[in-house]
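Those protein sequence lines, which keep their order, are chains A and B.
If you count the first sequence from 1, position 143 lands on 143 in our numbering, and the numbers rise without skipping.
If you count the second sequence from 1, position 321 lands on 321 in our numbering, and the numbers rise without skipping.
Quick caveat, the hints were computed from the structure, so don't treat them as lab data.
Every value quoted in this text rests on a predicted model; they were computed, and no experiment measured them.
Worth double-checking, as some hints may not be accurate.
Said to hold, decoys possible - DEER-style ranges, computed between Cβ atoms:
| no. | chain 1 | residue 1 | chain 2 | residue 2 | range |
| --- | --- | --- | --- | --- | --- |
| 1 | A | Lys325 | B | Val110 | 44 to 50 angstroms |
| 2 | B | Pro142 | A | Lys289 | 24 to 30 angstroms |
| 3 | B | Tyr143 | A | Ala41 | 20 to 26 angstroms |
| 4 | B | Arg319 | A | Glu45 | 45 to 51 angstroms |
| 5 | B | Tyr143 | A | Lys289 | 25 to 31 angstroms |
| 6 | B | Gln255 | A | Leu348 | 43 to 49 angstroms |
| 7 | A | Leu348 | B | Pro137 | 51 to 57 angstroms |
| 8 | A | Lys289 | B | Leu164 | 33 to 39 angstroms |
As the list claims (entries may be wrong) - List of simulated lysine-lysine pairs, BS3-like, C-alpha gap at most 27 angstroms:
| no. | chain 1 | residue 1 | chain 2 | residue 2 |
| --- | --- | --- | --- | --- |
| 9 | B | Lys190 | B | Lys207 |
| 10 | A | Lys72 | B | Lys249 |
| 11 | A | Lys207 | B | Lys72 |
| 12 | B | Lys282 | A | Lys207 |
| 13 | B | Lys44 | A | Lys325 |
| 14 | B | Lys346 | A | Lys44 |
| 15 | B | Lys249 | A | Lys183 |
| 16 | A | Lys183 | B | Lys282 |
| 17 | B | Lys207 | A | Lys249 |
| 18 | B | Lys72 | A | Lys249 |
All C-beta atoms in this analysis are idealised placements derived from N, C-alpha and C, irrespective of residue type, glycine included.
One letter stands for each residue in the lines below.
There are 2 protein chains.
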Amino acid sequence: MIVRRLSKPITVGTVTVGGDAPIVVQSMTKTDTRNIPATVAQIKELADCGCEIVRVAVPDTEAAQSISTIKKNTSIPLIADIHFDYRLALAALKGGADGLRLNPGNISDVSQIAKVVQAANERETPIRIGINAGSLPPTPKPYSSIANHMVSVALEQINLLEGLDFDLIKVSLKAFDVPATIKAYTIIAKKIPYPLHLGITEAGLPKTGAVRSAVGIGILLHEGIGDTIRVSLSDHPCEEVNTAYEILKSLDLRQHGPTLISCPACGRAEVDIISLAQSVDKSLRGITKPIKVAVMGCVVNGPGEAQDADVGIACGKGRGAIFSKGKVIRTVDETDFLQALMAEVKNL
Amino acid sequence: MIVRRLSKPITVGTVTVGGDAPIVVQSMTKTDTRNIPATVAQIKELADCGCEIVRVAVPDTEAAQSISTIKKNTSIPLIADIHFDYRLALAALKGGADGLRLNPGNISDVSQIAKVVQAANERETPIRIGINAGSLPPTPKPYSSIANHMVSVALEQINLLEGLDFDLIKVSLKAFDVPATIKAYTIIAKKIPYPLHLGITEAGLPKTGAVRSAVGIGILLHEGIGDTIRVSLSDHPCEEVNTAYEILKSLDLRQHGPTLISCPACGRAEVDIISLAQSVDKSLRGITKPIKVAVMGCVVNGPGEAQDADVGIACGKGRGAIFSKGKVIRTVDETDFLQALMAEVKNL
Numbered sequence: 001m002i003v004r005r006l007s008k009p010i011t012v013g014t015v016t017v018g019g020d021a022p023i024v025v026q027s028m029t030k031t032d033t034r035n036i037p038a039t040v041a042q043i044k045e046l047a048d049c050g051c052e053i054v055r056v057a058v059p060d061t062e063a064a065q066s067i068s069t070i071k072k073n074t075s076i077p078l079i080a081d082i083h084f085d086y087r088l089a090l091a092a093l094k095g096g097a098d099g100l101r102l103n104p105g106n107i108s109d110v111s112q113i114a115k116v117v118q119a120a121n122e123r124e125t126p127i128r129i130g131i132n133a134g135s136l137p138p139t140p141k142p143y144s145s146i147a148n149h150m151v152s153v154a155l156e157q158i159n160l161l162e163g164l165d166f167d168l169i170k171v172s173l174k175a176f177d178v179p180a181t182i183k184a185y186t187i188i189a190k191k192i193p194y195p196l197h198l199g200i201t202e203a204g205l206p207k208t209g210a211v212r213s214a215v216g217i218g219i220l221l222h223e224g225i226g227d228t229i230r231v232s233l234s235d236h237p238c239e240e241v242n243t244a245y246e247i248l249k250s251l252d253l254r255q256h257g258p259t260l261i262s263c264p265a266c267g268r269a270e271v272d273i274i275s276l277a278q279s280v281d282k283s284l285r286g287i288t289k290p291i292k293v294a295v296m297g298c299v300v301n302g303p304g305e306a307q308d309a310d311v312g313i314a315c316g317k318g319r320g321a322i323f324s325k326g327k328v329i330r331t332v333d334e335t336d337f338l339q340a341l342m343a344e345v346k347n348l
Numbered sequence: 001m002i003v004r005r006l007s008k009p010i011t012v013g014t015v016t017v018g019g020d021a022p023i024v025v026q027s028m029t030k031t032d033t034r035n036i037p038a039t040v041a042q043i044k045e046l047a048d049c050g051c052e053i054v055r056v057a058v059p060d061t062e063a064a065q066s067i068s069t070i071k072k073n074t075s076i077p078l079i080a081d082i083h084f085d086y087r088l089a090l091a092a093l094k095g096g097a098d099g100l101r102l103n104p105g106n107i108s109d110v111s112q113i114a115k116v117v118q119a120a121n122e123r124e125t126p127i128r129i130g131i132n133a134g135s136l137p138p139t140p141k142p143y144s145s146i147a148n149h150m151v152s153v154a155l156e157q158i159n160l161l162e163g164l165d166f167d168l169i170k171v172s173l174k175a176f177d178v179p180a181t182i183k184a185y186t187i188i189a190k191k192i193p194y195p196l197h198l199g200i201t202e203a204g205l206p207k208t209g210a211v212r213s214a215v216g217i218g219i220l221l222h223e224g225i226g227d228t229i230r231v232s233l234s235d236h237p238c239e240e241v242n243t244a245y246e247i248l249k250s251l252d253l254r255q256h257g258p259t260l261i262s263c264p265a266c267g268r269a270e271v272d273i274i275s276l277a278q279s280v281d282k283s284l285r286g287i288t289k290p291i292k293v294a295v296m297g298c299v300v301n302g303p304g305e306a307q308d309a310d311v312g313i314a315c316g317k318g319r320g321a322i323f324s325k326g327k328v329i330r331t332v333d334e335t336d337f338l339q340a341l342m343a344e345v346k347n348l
């Protein structure tokens, strides 16, 4: 149903972004990059929860110099996030960064950018042109919209890089404003061949930020736009990764562990379906296989959903029917709901 | 940017659904409807958190008979959720329900449906044709897709109601599968003039269910489809309402209380921005004015976002700049961040 925009793939370390590669999930460390053990530990946590590319902030020379040691002790590709000072980009490349993110809003000197591009070209290291509505360069005359301003800055920077014979480019155009973000990506998607990195910037705390990110990123992915995504949440970065996979899973674009179908409960349910769903969710942690498990509270949609899932339970008063691969396996008492369901999960 | 599909408005109690009315937020009680005090209390909680229409399950006669007392003690329009037994619909109408939800998957007898429609017509009470992928009626030959099956059942039921001279119709076509849901609503949106009630059914626990709902409902709303939404979560119904508003707010379709813009934190931040964002979020509770508050951790996007918000803080090492309506009001020490920011919020 989704017809994906065709983009020119690039390689970030060992990971392909763009073309027909799976949509890549990335995040960013929240540790002080100069604190090498803490940063390495967080990157390992991120790799364990499914993060495929990690970005680290490089605010100073010490942070840039930490990259080589961090790289030696971690497995996923590492991108250096650079602002203000082009020399930090050079140092990060020297340290072995697999990619750079440059912000045209705060590095604008053409000769400085040329030095970075030359060093990146020698190493075949890609650069993300990372536009952010919160840090756009000053403009002599105002644009008609934030989206147009973001697109214009990106196109100018792309033009500059192409003129320097560099095309290992990835582009992002992030705003907190979802309609502005959608508009910007929709415009640029038709104008350039490069892969797009999607995100809603500064989306906020986990609950509200996840919803805002899901709406913005979800709409773009459904339009076929986007080759890699980063969900920005004021929370542990693994929450960003989990949310990113939930977005991708909901559109059948990636698989990632079990999916729980559970009814919201209502006055019809005769068991505490919310508690049961929570217990099942806990029991499913650690399972990596992409199975569908349904926990349903009554006879209205219960049998239908339980039948469609790989494993399911449709509960009635004190008894529940356990389904596996579309068939009722047995009926069990309420005290056995969790155990019986998980036994069938293990049987898969 | 969003061009809304034009639908024929209906009135549910005092609330208009469809036409150019604001997109209505609804939820469903999770109490036993026969437990009148518990149900009344939950409806009051729902009204307080912004729920505009509430649905209650009506699994038996006692539940149907509870409606008149529940109605007398609550203020928002009430919809009776009916399955299997048309007589419960008649009893709910008699009790003063402001709307009915009928499921063609489990009430199919034409003469029974005709009796309900006649009673609804006499009271000018709307009926939602509530299709659910988990409870579709059996079909002699399989459809090419769930979406087509849902649409076909809905169209047949609409035809039946129209033939009985009834047009106070609202339609929903819910599935857990997001692409199937999107496809179904997209097809029917072009075929009928009636308002559409959106939802992703059995979306699951709050975190994953909110993301799945945001993707599905967000994509449809962005296409201009949808007149009322219900987010289904295995959680307290006020969480459903909060999530619904976050979806609508992210697309600028509704306003609802403060919006917090907060950066995800990274190795560049020199203050604990996540804790600060959490504290600000807590302090903003109870405020109903739709203000934008930005909590930012560094100089990259901090000043830009803080400037764009109604009130904001851009933090540096030990000091932060407080913004109000786009201007720096003062700089404060780290110990005063929260207090100074909230003082400006109160000044609005």
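Hinted pair Lys44 (chain B) and Lys325 (chain A), Cα distance within 27 angstroms: 42 angstroms, violated
Is the hinted range of 33 to 39 angstroms satisfied by the C-beta distance from Lys289 (chain A) to Leu164 (chain B)? Roughly 49 angstroms apart at Cβ, these two residues miss the hinted range, so it is violated.
Okay, Arg319 (chain B) versus Glu45 (chain A) on CB: inside 45 to 51 angstroms? 31 angstroms, violated
Going straight from one Cα to the other, do Lys72 (chain A) and Lys249 (chain B) come out at no more than 27 angstroms? 44 angstroms, violated
Between the alpha carbons of Lys183 (chain A) and Lys282 (chain B), is the straight-line distance 27 angstroms or under? Distance ~32 angstroms between Lys183 (chain A) and Lys282 (chain B) Cα, so the pair is violated.
Checking one constraint from the list: CA of Lys282 (chain B) to CA of Lys207 (chain A), max 27 angstroms. Satisfied? Roughly 13 angstroms separates the two Cα atoms, so the pair holds.
Would you mind confirming whether the straight-line C-alpha gap from Lys72 (chain B) to Lys249 (chain A) stays at or under 27 angstroms? Judged against 27 angstroms, a Cα distance of about 44 angstroms means the pair is violated.
Would the pair Lys207 (chain A) and Lys72 (chain B) pass a check requiring their Cα atoms to be no farther apart than 27 angstroms? Since the Cα atoms of Lys207 (chain A) and Lys72 (chain B) sit roughly 35 angstroms apart, the hinted pair is violated (cutoff 27 angstroms).
Do the alpha carbons of Lys190 (chain B) and Lys207 (chain B) lie within 27 angstroms of each other, as the hint requires? 32 angstroms, violated
Would the pair Lys346 (chain B) and Lys44 (chain A) pass a check requiring their Cα atoms to be no farther apart than 27 angstroms? 43 angstroms, violated
Can the suggested window of 44 to 50 angstroms be confirmed for the beta-carbon pair Lys325 (chain A) and Val110 (chain B)? At 36 angstroms between Cβs, range violated.
Hey, Lys207 (chain B) versus Lys249 (chain A), does the alpha-carbon distance stay inside 27 angstroms? 14 angstroms, holds
Checked against the numbered hints listed earlier, the structure breaks hints 1, 3, 4, 7, 8, 9, 10, 11, 13, 14, 16 and 18; every other hint is satisfied.
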